[in-house]
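Colleague: Sequence:
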Amino acid sequence: MAGINDIDSSIQNLIKMTNSKAVLVKAYENPSVSSSFPNQKLPMDLSDCDLVAVIGVTDTSSNTRLVPLIVTKVGLGGIYVNAGGSRRYFRVYEDGINFDAVYPASATGDCIPYLVYRIKLSGGGTA
1 MAGINDIDSS IQNLIKMTNS KAVLVKAYEN PSVSSSFPNQ KLPMDLSDCD LVAVIGVTDT
61 SSNTRLVPLI VTKVGLGGIY VNAGGSRRYF RVYEDGINFD AVYPASATGD CIPYLVYRIK
121 LSGGGTA
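Going by my numbering, the first residue of the sequence shown is number 1, and it counts up by one from there.
A couple of the hints might just be wrong.
Within a straight-line C-alpha distance of at most 27 Å, the following computed BS3-like cross-link-like pairs (lysine-lysine) qualify [stated by the list, open to error]:
| no. | residue 1 | residue 2 |
| --- | --- | --- |
| 1 | 73 | 120 |
| 2 | 26 | 120 |
| 3 | 73 | 41 |
| 4 | 41 | 120 |
| 5 | 21 | 73 |
Calculated from the structure, these hints are not laboratory results.
Please model the complete structure; the sequences and the hints are all you need to start from.
Modeller: Structure follows, in structure tokens:
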């Protein structure tokens, strides 16, 4: 995917610039971003991180372009919405992320997560 590696690098650089004590660790990478993505829980250990960053698949089509990054805390969640009106909610737990079914149900190729990062703030900082 063109541009996704640039987003990945940009996020890491942004964290490094804004808080040199933040640690960013990749927790998940979608192995098949062009496949449909049904509702599911992605198991991963998020129990000791302060924030979680979820990056959606980006595309050049206005019907599939997503907000590329959502940062949230464990216990909270977010929503991806594309230009065509499809949306997918997710919630972050200590043992993984639960991605709900996309709406409308026929749009399983929309609002697909690509990367998940664990963010640990050190030096006494909290989210």
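Colleague: The structure should be examined with respect to each hint, and the outcome stated for every one.
Modeller: Verification of the hints:
no.: 1; hint: 73 with 120; in the structure: 11 Å, holds
no.: 2; hint: 26 with 120; in the structure: 12 Å, holds
no.: 3; hint: 73 with 41; in the structure: 17 Å, holds
no.: 4; hint: 41 with 120; in the structure: 22 Å, holds
no.: 5; hint: 21 with 73; in the structure: 18 Å, holds
Figure legend: structure checked against the earlier numbered hints; every hint is met.
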